[in-house]
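J.: Chain by chain, the residues:
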Amino acid sequence: MASSATPQGSLRHRNVPGSTKKNKDGGVSDVEVDKVVKATTPQKAPTVSERDYKIVFTLITALAFLTRFWGITHPNEVVFDEVHFGKFASYYLERTYFFDVHPPFGKLLFALMGWLVGYDGHFHFDNIGDSYIANKIPYVAFRSLPAILGALTVSVTYLIMWESGYSLPACIVAAGLVLLDNAHIGQTRLILLDATLVFAMACSLLCYIKFYKLRHEPFSRKWWKWLILTGFALSCDISTKYVGLFAFITIGSAVIIDLWDLLDIKRPGGALSLPEFGKHFAARAFGLIIMPFIFYLFWFQVHFAILTRSGPGDDFMTPEFQETLTDNVMLANAVTIDYYDTITLRHKETKAYLHSHPDRYPLRYDDGRVSSQGQQVTGYPFNDTNNYWQVLPAVQEETPKMGRHVLNHELVRLRHLVTDTILLSHDVASPYYPTNQEFTTVSLAEAYGDRAADSLFEVRIENGKPNQEWKSISGHFKLIHNPSKVAMWTHTTPLPEWGHKQQEINGNKQIAPSSNVWLVEDIPSLPVDDKRREKPERKVKTLPFLRKWFELQRSMFWHNSQLTSSHPYASLPYQWPFLLRGVSFWTQNDTRQQIYFLGNPIGWWIASSVLAIYAGIVLADQFSLRRGIDALDHRSRSRLYNSTGFFFLAWATHYFPFFVMGRQLFLHHYLPAHLASTLVTGAVVEFIFSADSAESEAAFQAIKAGKKPPAVKRHISARERLAGQSMLGSWMTTIVMLAVVAAGWYFFLPLTYGYPGLSVEQVLRRKWLGYDLHFAK
Amino acid sequence: MATVGDKPVVASGIDVGDARRRNVAAPPPAISQPLEADDKKKAAKKSPSVLDVLCQWEWLYAPIIFTALAFFTRFYKIGLSPIVTWDEAHFGKFGSHYLKREFYFDVHPPTGKLLVGLSGYLAGYNGSFEFKSGETYPEEINYTFMRQFNAFWGAVCVPMAYWTAKELRLRRPTVWLVTLMVLCENSYTTISRFILLDSMLLFGTVATTLCWAKFHSQRKNSFDPEWFFWLFMTGLSIGFVTSVKLVGLFVTALVGLYTIEDLWNKFGDTKMPVTELAAHFVARVMGLIILPFLIYLLSFAVHFAVLTNSGPGDAQMSSLFQANLRGTEVGRDSPLEVAFGSRVTIKNMGYGGGLLHSHVQTYPEGSSQQQVTCYHHKDANNEWFFYPNRRDADFNPEEDPRFIGDKDIIRLIHAQTGRNLHSHEISAPITKADREVSCYGNLTVGDDKDHWKVEVVSDAASRDRSKIRTLTTAFRLKHEVLGCYLRAGNVNLPQWGFKQIEVTCTKENKPRDTYTHWNIESHVNEKLPPGDPGKYKSPFFKDFVHLNVAMMTSNNALVPDPDKQDDLASQWWQWPILNVGLRMCSWDDKTVKYFLLGNPLVYWGSTAGLGIFALLVAWYTIRWQRGYKELSQDDVDQIHYAGIYPVIGWFLHYLPFVIMARVTYVHHYYPALYFAILTFGFLVDWFTKNLSKVLQYGVYGILDAVTIGLYIYFIPICWGMVGPNRDYGYMRWFENWRVSDA
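Protein chains in written order, with UniProt numbering: chain A, 1 to 777; chain B, 1 to 742.
In case anyone wonders, no lab produced these hints; they're calculated from the structure.
A virtual CB, placed ideally from N, CA and C, is assigned to each residue, including glycine.
Hints are not guaranteed to be accurate.
[Unchecked claim] Some chain B residues flagged as far from chain A (calculated, every beta-carbon gap over 12 Å):
no.	residue
1	ILE64
2	GLY127
3	SER128
4	PHE152
5	PHE228
6	ILE295
7	SER427
[Said to hold, decoys possible] DSS-like cross-link-like pairs, simulated, lysine-lysine; straight-line CA separation at most 25 Å:
no.	chain 1	residue 1	chain 2	residue 2
8	B	LYS507	A	LYS767
9	A	LYS767	B	LYS432
10	B	LYS507	A	LYS777
11	B	LYS245	A	LYS767
12	B	LYS453	A	LYS777
13	B	LYS378	A	LYS777
All chains, full assembly: derive it from the sequences and hints.
T.: Next up, the structure:
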């Protein structure tokens with residue numbers, strides 16, 4: 001019996017007056033009574049033996065490998081998102097730093113595969129359709145990793161049903177629906193992360209069921225083993241993609257229900273003391289939360305340990321982080337800025353230089369506000385001598401003292417070289433923003449006279465320490481106007497004609513936003529061969545792991561939330577169970593071949609309708625119970641709510657959260673939920689075609705009333721449970737169902753394997769729900 | 001506690017309440033009279049002390065005092081600021097539209113704005129003022145009265161909170177505390193003092209909660225007149241609140257959940273006859289679904305009945321509806337039948353459809369050609385010329401008009417830019433499955449991708465399909481080359497398309513998809529005689545649905561725009577912790593300044609209360625699971641109805657704003673806050689019930705005093721701050737409470 005005994009199990013008793021008493025006071029649980037019933041009712045010869053399960057298991061696993069590996073060499077070109085994940089594997093092998101929104105585990109596996117076959121990562125998977133043969137890529141090795149995991153997913157599905165004590169036909173239905181599913185096949189024979197994801201998700205369900213079956217031997221060695229393995233599977237799941245979080249919700253809900261029952265004072269096995277309960281709680285918290293988190297961090301540590309060289313991901317990180325990477329261009333050129341240096345300042349976000357020219361602000365703007373008529377200060381995207389500013393110390397010096405570094409938080413003045421004026425801000429509204437201050441320049445006399453205070457600016461280095469040196473390129477800083485505490489800021493709306501369509505520079509009262517960040521791009525006053533430009537052999541710095549991880553994590557979440565742009569093949573969650581739309585992965589015009597990612601419509605529709613049937617059965621049962629009509633025997637109900645309920649929960653938790661997700665979604669996001677729906681399908685098929693024998697039900701009621709002492713605690717297998725029942729109905733259903741599913745699978749195979757090419761008529765025949773296939777004309 | 005007086009207090013409390021709130025309903029029959037007399041007799045026997053008398057008459061004077069205080073705090077110096085403050089700019093303007101009877105469009109249902117219009121009418125205002133934000137009210141507008149009318153709704157919330165707390169069986173000191181917290185809530189005070197919908201929304205929410213609590217108290221007296229009375233009162237207030245703002249649906253959901261639970265319990269009661277069960281069900285459907293819906297419908301019926309003149313919102317409605325507005329251009333003197341050379345505007349017939357529109361801005365992606373959209377406002381860019389296709393004889397203004405009919409192939413030329421309506425094999429910007437529609441070429445430059453085939457769907461006026469007629473003919477436009485249909489499916493474009501509706505060419509041929517149906521709205525052709533096609537009236541129900549769909553569509557377009565910085569907006573997480581306030585007007589020294597900020601104790605206390613309540617429930621359920629039987633059925637019921645339901649109410653009013661991806665402001669939290677206050681009241685009540693008298697007095701004394709103290713401390717932000725804002729710097733406890741610039 002899988003998971004979560006039983007708020008529902010006892011729910012029936014709570015609702016039906018009369019039976020409540022017996023259960024609560026008698027202390028005899030259904031499960032224990034079952035054992036007694038088994039012991040007392042004559043056993044008939046088992047219809048299915050353990051051996052049959054094993055034979056079928058071997059067969060299904062073999063078929064799974066066959067379907068996943070068949071023609072894996074085709075196409076020998078880059079397909080769909082192989083562009084990304086192949087590229088990342090190459091980066092790992094080249095050890096160049098890259099950035100991606102997914103956690104590293106799945107990508108590390110690919111890198112491992114590449115490393116094992118001795119690939120050096122020279123190819124960067126730039127475009128869909130690039131040839132693997134011409135570029136000498138061991139792409140079969142890469143693809144065989146997901147194919148293996150995809151094939152094993154089928155076996156795990158079978159094992160889940162088997163471990164949960166379902167009959168052989170039920171196991172076959174569930175595993176068969178995954179085995180013969182074009183979406184699972186299609187997604188798991190390409191270099192994509194979903195094979196790892198779905199496999200880890202299935203494993204976490206299996207391990208948890210194993211763990212739960214050992215609930216009568218808590219803290220035994222096996223119990224710990226399966227608890228830890230559940231945690232490990234969950235960790236792999238979430239370390240592959242963040243949707244792995246849903247598996248945590250599934251298992252977490254089951255654990256909470258389980259813990260709730262452990263807390264029950266009238267618990268069948270005898271009440272637990274609070275310290276004992278605390279032990280249970282702590283063990284699960286450790287195994288299912290703390291340990292997975294440590295594993296999760298571990299993969300990041302591996303990620304950082306491998307990626308030691310500067311690469312395309314540098315720009316996503318802070319300068320401190322970049323200093324930990326070797327041969328980082330940006331840091332190689334950083335020069336400490338001294339007073340009296342001439343510098344160019346560049347706005348980080350818009351890439352505009354701080355610029356000034358002799359033109360003045362107009363007296364009156366279009367909206368009637370007036371300006372100071374001072375010299376314009378603008379943002380200008382191109383190199384120009386008008387971008388040159390000299391850094392002057394706050395105190396005017398008779399003879400310049402050279403060679404002093406500018407430090408963080410020091411006050412400076414900026415002299416515009418060409419016009420020999422000093423940068424200044426004051427309480428005059430800027431051209432576009434009435435709330436922001438105008439920036440202008442004034443003559444030296446004024447700047448050191450009446451306006452002395454207004455021309456002082458503080459250099460505030462981002463994440464800087466006191467007395468840190470101000471460096472070009474690497475030192476991101478904000479320029480804060482000292483008296484008014486506004487930050488120099490610019491935006492992309494160009495000024496009108498009077499400002500030559502250059503950018504407006506103004507003082508932003510909100511200092512915190514990152515759009516206020518500037519950097520010094522160069523020091524033009526330094527000759528190219530100046531000694532200060534010479535670099536001593538730079539030491540690679542280190543940062544504490546947690547800091548690096550935290551920075552990367554924040555950046556990942558932020559970029560993940562930005563993935564809102566639309567994609568031609570994106571779909572909406574409500575379309576998935578009905579399989580309304582697929583995704584075009586790859587096409588080849590010459591041969592009219594295409595890969596169109598799509599599930600097996602027949603299989604998906606069966607699974608989805610069974611979900612509806614399941615919900616209907618549960619609702620009908622609840623309504624009839626509410627009216628005092630008890631139509632189910634106790635064991636069917638227990639399985640219906642606990643075991644099948646767990647599968648249904650897994651489906652719901654892997655499906656519904658997508659509805660509130662704002663990001664781009666694709667059909668492959670449904671794969672974990674689809675796997676759960678096949679489990680429900682198997683279970684419901686068995687539920688419909690089997691009923692507990694009237695004999696044992698009668699015995700059950702009798703013993704319950706008689707309060708016999710509990711017998712041995714053990715899990716009941718399907719063999720015992722279904723002893724003596726005719727399985728003909730379920731076998732027939734299974735065979736018919738799988739035959740139809742296999743037909744659908746075969747029909748859509750050319751779209752999954754990408755060959756053979758189809759004629760127009762053949763393509764049209766496959767456009768069932770208006771699937772947007774190529775080559776339909 | 002005068003337990004003797006409790007029962008009659010409740011019962012007669014209703015009487016007083018209803019007598020005063022005349023607009024709600026007639027008082028129920030005075031059942032309580034004998035009881036009260038009885039009570040008096042008892043009291044007389046004991047020759048009561050002054051305190052006893054005070055306690056005994058609390059039900060009468062407490063609400064009166066609270067109401068008086070509420071009116072004082074809400075009305076005091078209400079006319080101090082003579083300028084249009086914050087959203088008065090919107091709602092005042094909508095009120096003006098009612099007075100001028102001009103059809104306008106807004107995302108909110110009409111009741112609240114109708115009442116604003118009514119207040120203007122009562123104030124003798126003629127609707128001529130434009131309500132520009134920050135402008136000074138002219139002499140002739142009695143804006144003080146209009147504000148007072150609004151403040152009335154806000155003030156009435158206070159006594160209703162009193163009766164609600166009482167009905168939730170909280171003890172007297174708690175009832176007072178809850179009432180005080182509503183009374184001394186600075187944000188409630190401020191928001192009630194302007195011409196806004198929020199005071200009515202708050203009134204509706206509080207009233208619905210009160211009626212629900214009353215109805216719940218009557219549960220043992222099913223089908224009694226009083227039970228029916230409160231059932232229908234609940235329905236009435238639901239109808240009111242949802243037709244003020246759709247936020248009212250959340251309190252409706254609360255009542256809905258209660259009803260489902262109630263019916264589920266009755267469903268489980270096998271002793272109840274099925275007929276009775278059915279009666280319960282039907283009564284609730286009538287009272288809580290049909291009645292509110294009728295009120296909602298009624299508000300729209302009044303809306304349509306009042307707004308009989310053409311106005312700024314015309315283009316949101318169907319052409320036929322517009323043709324029936326007074327002073328409209330639509331259908332007036334326009335020729336009946338359309339010919340080549342006619343200048344027309346073309347209206348999408350789907351619910352919430354707009355006019356086919358183009359402007360010089362181009363698509364940022366795809367073809368980069370000129371955008372084609374659907375637009376809901378009158379604009380010269382909505383005008384198109386019918387031209388013959390490139391194969392036919394060219395249009396010659398001198399020749400006799402050639403009429404256009406079913407299956408004719410035509411070109412549409414945008415009047416302002418001279419470009420042709422065009423489509424091609426490029427995905428549309430949002431609906432990627434469809435093709436992009438653009439404007440391309442000119443009179444001579446172009447290809448056969450500018451050709452569209454007219455397919456007449458229906459004609460309300462005639463069976464003859466050989467001509468298309470203004471207003472009455474529904475037709476589809478089929479792209480000749482691609483075979484797709486011109487469609488506008490209420491999908492808003494991003495900011496680059498000014499949030500207008502995306503126009504696409506859809507491959508699916510669904511003849512009944514009204515979003516592919518178009519009709520001619522205005523039609524100018526000097527060669528043709530004027531006709532009067534506007535004699536067909538569109539049915540009310542169709543207009544109703546049409547307007548509601550249009551409301552939803554533009555509501556969905558209110559998503560935050562990263563390009564546009566709005567420093568008034570705030571985030572959901574900032575509200576319960578009172579992280580931020582809102583400046584309602586300009587902050588210079590001359591204006592009277594109002595700042596939206598709550599009473600810190602009320603906000604922080606109620607938010608903490610929600611957390612403590614969760615712990616409380618967890619504590620008792622775990623203890624129950626461990627076999628402790630410490631709660632009586634009464635206690636459980638008290639937690640259930642006075643604790644859990646308010647918490648659910650809070651979630652229902654809060655979570656949607658967390659999920660919703662639209663611009664949110666602090667005042668969106670105010671209905672949720674009310675439920676948080678009720679929860680807080682429940683907790684104080686629960687934790688003090690077994691304390692000694694002295695401790696109880698202490699706790700309540702401190703809470704009451706701090707609430708009142710903070711309210712008075714912060715009162716300038718509600719009553720208006722005169723003079724330089726720096727004088728009020730003492731209230732800027734945190735950086736984000738931008739009461740002053742200092």
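J.: Hints first: check each against the structure and report whether it holds.
T.: Okay, the hints, checked on the actual structure:
1. For ILE64(B), the non-interface assignment is confirmed: its Cβ lies about 47 Å from the closest Cβ of chain A, beyond the 12 Å cut-off.
2. Interface exclusion of GLY127(B) from chain A stands, the closest Cβ pair being 29 Å apart, more than 12 Å.
3. With a cut of 12 Å on Cβ distances, SER128(B) stays outside the contact zone with chain A, its closest approach being about 25 Å.
4. Consistency note on PHE152(B): stated as away from chain A, and its beta-carbon is indeed over 12 Å from all of that chain's, at 36 Å minimum.
5. Distance to chain A confirms PHE228(B) as a non-interface residue, since its nearest Cβ pair spans about 26 Å, more than 12 Å.
6. Annotated as non-interface, ILE295(B) keeps its C-beta farther than 12 Å from every C-beta of chain A; the closest such distance is 31 Å.
7. At the 12 Å boundary, the C-beta of SER427(B) falls inside the reach of chain A, the nearest C-beta of that chain being 6 Å off.
8. Restraint check for LYS507(B) and LYS767(A): the C-alpha separation of about 14 Å stays at or below 25 Å, so the hint holds.
9. Between LYS767(A) and LYS432(B) the CA atoms are separated by roughly 18 Å; this keeps the pair inside 25 Å, and the hint holds.
10. Of the supplied pair hints, the one linking LYS507(B) and LYS777(A) holds, its CA atoms being roughly 14 Å apart against a limit of 25 Å.
11. Straight-line distance between C-alpha atoms of LYS245(B) and LYS767(A) comes to about 45 Å, which puts the hinted pair past the 25 Å bound.
12. Simply put, LYS453(B) and LYS777(A) have alpha-carbon atoms about 23 Å apart, close enough for the 25 Å limit, and the pair holds.
13. Taken as a hint, the LYS378(B) and LYS777(A) pair is broken in the structure, with Cα atoms around 42 Å apart against an allowance of 25 Å.
Checked against the numbered hints given earlier, this structure breaks hints 7, 11, 13; the rest are met.
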